[in-house]
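Colleague: With chain A's structure known, arrange chain B on it following the hints.
2 protein chains.
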Amino acid sequence: MKDINIAILGFGVVGSGVYTLIKDNKKDYEHREELSLSVKRVLIRGFDCEPNIDKAPREVYTLSIDDIASDTDIAIVVECMGGTEPAKTFVLKCLLAGKTVVTSNKELVAKHWPELEHAAKTGGAGFYFEASVGGGIPLLRTITDSLQGNNIRSVMGIINGTTNYILSGMESDGRDYLEMLKEAQGLGFAEAKPEADVEGWDAVYKLSIMGSMAFHARVPLEKIYREGITKISALDFSNARMLGYTIKLLAIGKKRDGNHIEARVHPTMIPLTHPLAAVRSNFNAVYINGNAVGDVMLFGQGAGMLPTASAILGDVLYAAHREEHRYQTFQNEFEPREPAPIEDDWSCAFAVRVTTVDRVGVLAQISSCFAAENISLLSVLQQPTESAAASILFITHVAREKAMQAALKALELCDAVISVDSVIRVENGQ
Amino acid sequence: MKDINIAILGFGVVGSGVYTLIKDNKKDYEHREELSLSVKRVLIRGFDCEPNIDKAPREVYTLSIDDIASDTDIAIVVECMGGTEPAKTFVLKCLLAGKTVVTSNKELVAKHWPELEHAAKTGGAGFYFEASVGGGIPLLRTITDSLQGNNIRSVMGIINGTTNYILSGMESDGRDYLEMLKEAQGLGFAEAKPEADVEGWDAVYKLSIMGSMAFHARVPLEKIYREGITKISALDFSNARMLGYTIKLLAIGKKRDGNHIEARVHPTMIPLTHPLAAVRSNFNAVYINGNAVGDVMLFGQGAGMLPTASAILGDVLYAAHREEHRYQTFQNEFEPREPAPIEDDWSCAFAVRVTTVDRVGVLAQISSCFAAENISLLSVLQQPTESAAASILFITHVAREKAMQAALKALELCDAVISVDSVIRVENGQ
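Residue numbers (our numbering), protein chains in the order written: chain A, 292 to 721; chain B, 292 to 721.
Bound conformation, chain A alone:
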């Protein structure tokens, strides 16, 4: 039996969940894994502002990171504070002191991965962050330890539960974005300040991490195209359904010729028959295509106290078994690679909805805006409106992003067009 002492930084939902899971499963881990885990220290901000403080005995709490970093009994530190500071300073201190760090902090990893990885190597420590992407879904270790025989060609994921909850409600009940956002906030699925989720930032952090691991090249945060869900309307959903599609906020990474990488987060129309279309409510799923394995999908709870704690404990137990050679991270002992060349002129189909004046020759005029950019149309749907204007939905064949941006500019200058109401990218397969 090996004794492993653990410290937890932060005692909110996730930190206290990890504490409880270790306590509740202690005997099972001893029996099954021959590991005796004990939480020796919990770092909190103060004794007055911690709602979970009664969950652990007083003597484990400390206000000072040095009590943890300098404690030679502590082998593994679990960071559950969130945000970049002081989390980054504390994690660097622990790594440099030779303590393996396990974190669920996607913002921290996405923003400072090379520096953290370097500190882990310098300190001879492990650094793991399975819980940072997809919550409880086994994802990052699956990429490094199960699918590593493949060249992964694409990852497409629903990796933000808040936006999936909102979009699922809009899909099934025909409700509006703002109504669903309020419901999600009432249930605690969305923050009072929802921007990080609904504007796609959370998904961008996660795609940066997941894409870097899948493609063995760093996909920098700032190179990822980002578009949130705030402009999606009930009409977009009813149009999509009529054509056999639904709308999801997807994080998409694809490897192109010459190792160029596409990396983008945006609302996406996908066929109702695609396995991702059936991923509803606050569930997450990631669809991976590899050159040997073909299509694989991993599905589960992407957030929440216990699913996140499950992923953290997975990392903790993995690290505890491998204490002999401590410096071993998800990167297979390499430093993070050079940033990948990121492709900003990707190809996909588009759904474009415009409001036009209702007169002879309008359709020809608009179609020529697409034709001028070499974009061909798959289907056109004109529906009657209550006013004198017409609403027309165009679905294109696969086109270049930049060609579409040029066509949209032309449409806006076209005198028959009153407004371009919605532009949604379409993915039909991988």
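Please keep in mind that the hints were generated in silico from the structure rather than gathered at the bench. Hints may contain errors.
It does not matter which identical chain is used: a pair holds within one copy or between any two.
[Unchecked claim] Derived pair list, reagent style SDA-like, types lysine to any residue, alpha-carbon separation capped at 25 Å:
| id | residue 1 | residue 2 |
| --- | --- | --- |
| 1 | Lys379 | Gly389 |
| 2 | Lys412 | Glu614 |
| 3 | Lys293 | Ala360 |
| 4 | Lys412 | Arg613 |
| 5 | Lys514 | Glu629 |
| 6 | Lys314 | Arg444 |
| 7 | Lys317 | Asn582 |
| 8 | Lys331 | Asn442 |
| 9 | Lys384 | Leu354 |
| 10 | Lys293 | Ile633 |
| 11 | Lys384 | Arg644 |
| 12 | Lys331 | Asn582 |
| 13 | Lys318 | Leu478 |
| 14 | Lys522 | Thr380 |
| 15 | Lys314 | Asn550 |
| 16 | Lys318 | Asp548 |
| 17 | Lys700 | Asn550 |
| 18 | Lys314 | Asp586 |
| 19 | Lys317 | Asp586 |
| 20 | Lys346 | Gly303 |
| 21 | Lys318 | Glu703 |
| 22 | Lys318 | Asn582 |
| 23 | Lys412 | Asp294 |
| 24 | Lys700 | Ser710 |
| 25 | Lys693 | Val708 |
| 26 | Lys331 | Lys473 |
| 27 | Lys314 | Asn580 |
| 28 | Lys318 | Asp586 |
| 29 | Lys412 | Ala388 |
| 30 | Lys317 | Lys522 |
Modeller: Okay, now just chain B, sitting in the frame of chain A:
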């Protein structure tokens, strides 16, 4: 860069797929993993009967296992022969000679796991078999290296592609079992002698392996309840659909109080809204419930040359990185545990279809057979038939298996009953 020499036993579909994948991805593995993999030897039965013999140069082939077992340059042996002999003798020889063995042979592992594990320990070798369950789906390592913080409460899987292909065709096109079997045979999805698949043996092997790992206790092959799909009819599917269900061949493992394990393979009615209901054609998927992670589903190709080779290469690369401490298997360095107590009186709901004489009081008479065993009914569906007989479908609430067996005996003795036509177990959730 570490050089790793590999031998492949057997050069059929899987063996030659592994050879090709190693050759095609060699540079990627060197660049990404700092591992240089070479296939030094391939064991074949003879030079005249190998359809893939042109894929490798003549000098790698050998007819003698001793050329491999005694070659100190060879670190990893990939067994792709199938069946138990001579595969077992050859694998034991390699393990005892200290060579890590990677296999996709579910029958071998399910039947001889303790002996193989013991030989690995004795020889100081690794022993891995990710490809034996779920083909390319990352499953076994996910259980041991990602979900190990959980107590896994249940696994429910579609783990045989042949039967899922047949049942999916019966579901979508209303076709008969025999017609679909012939189609599957024509496409190479079913063997000329299909019993191993359609009678559930293949799924039993896989459930024995997957259940043993999920529940940390050996689930012996011979204790698993087994029922194939040969009796499922088009009528069963149309009845199921009317009630909002479909029918899948599921491999089910559940942990009960007192660590009793349920382990059974049988056709199962599941709600059309269950994620497993959307797993069609020859795809596989496993639905896992853990006490922390909640529900997780892993989906992908359960067979085929490249998906299976993907899982094998995952094991090979994993083992190659961990050559320093060689004896490390899926069991986390423990010997396989004692056989689990297997529960043979499980609980589930049932769908029972009977043909009865058409006269007053029949329904009361039949219902009393269920009532006598304390089985209550959820729904009853009587449909007109062309003859004077009546066909009645009963769906029960959750009942004990043994109570149902007693009720079925009573039904067969009941003079109003002409025949009990179909008994299908029903799972509504986990």
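Colleague: All hints, please: hold or fail.
Modeller: Right, here's what the structure says about each hint:
no., hint, in the structure
1, Lys379 x Gly389, "within (15 Å within a copy, 44 Å between copies)"
2, Lys412 x Glu614, "both (14 Å within a copy, 21 Å between copies)"
3, Lys293 x Ala360, "within (21 Å within a copy, 35 Å between copies)"
4, Lys412 x Arg613, "both (15 Å within a copy, 18 Å between copies)"
5, Lys514 x Glu629, "within (14 Å within a copy, 53 Å between copies)"
6, Lys314 x Arg444, "between (41 Å within a copy, 18 Å between copies)"
7, Lys317 x Asn582, "between (40 Å within a copy, 14 Å between copies)"
8, Lys331 x Asn442, "between (42 Å within a copy, 23 Å between copies)"
9, Lys384 x Leu354, "within (15 Å within a copy, 58 Å between copies)"
10, Lys293 x Ile633, "neither (45 Å within a copy, 31 Å between copies)"
11, Lys384 x Arg644, "neither (53 Å within a copy, 67 Å between copies)"
12, Lys331 x Asn582, "between (45 Å within a copy, 24 Å between copies)"
13, Lys318 x Leu478, "neither (34 Å within a copy, 50 Å between copies)"
14, Lys522 x Thr380, "neither (38 Å within a copy, 65 Å between copies)"
15, Lys314 x Asn550, "between (46 Å within a copy, 20 Å between copies)"
16, Lys318 x Asp548, "between (51 Å within a copy, 16 Å between copies)"
17, Lys700 x Asn550, "neither (31 Å within a copy, 66 Å between copies)"
18, Lys314 x Asp586, "between (38 Å within a copy, 22 Å between copies)"
19, Lys317 x Asp586, "between (37 Å within a copy, 22 Å between copies)"
20, Lys346 x Gly303, "within (11 Å within a copy, 58 Å between copies)"
21, Lys318 x Glu703, "neither (66 Å within a copy, 49 Å between copies)"
22, Lys318 x Asn582, "between (42 Å within a copy, 15 Å between copies)"
23, Lys412 x Asp294, "both (24 Å within a copy, 24 Å between copies)"
24, Lys700 x Ser710, "within (11 Å within a copy, 72 Å between copies)"
25, Lys693 x Val708, "within (20 Å within a copy, 71 Å between copies)"
26, Lys331 x Lys473, "neither (40 Å within a copy, 63 Å between copies)"
27, Lys314 x Asn580, "between (38 Å within a copy, 20 Å between copies)"
28, Lys318 x Asp586, "between (38 Å within a copy, 23 Å between copies)"
29, Lys412 x Ala388, "within (11 Å within a copy, 35 Å between copies)"
30, Lys317 x Lys522, "neither (48 Å within a copy, 46 Å between copies)"
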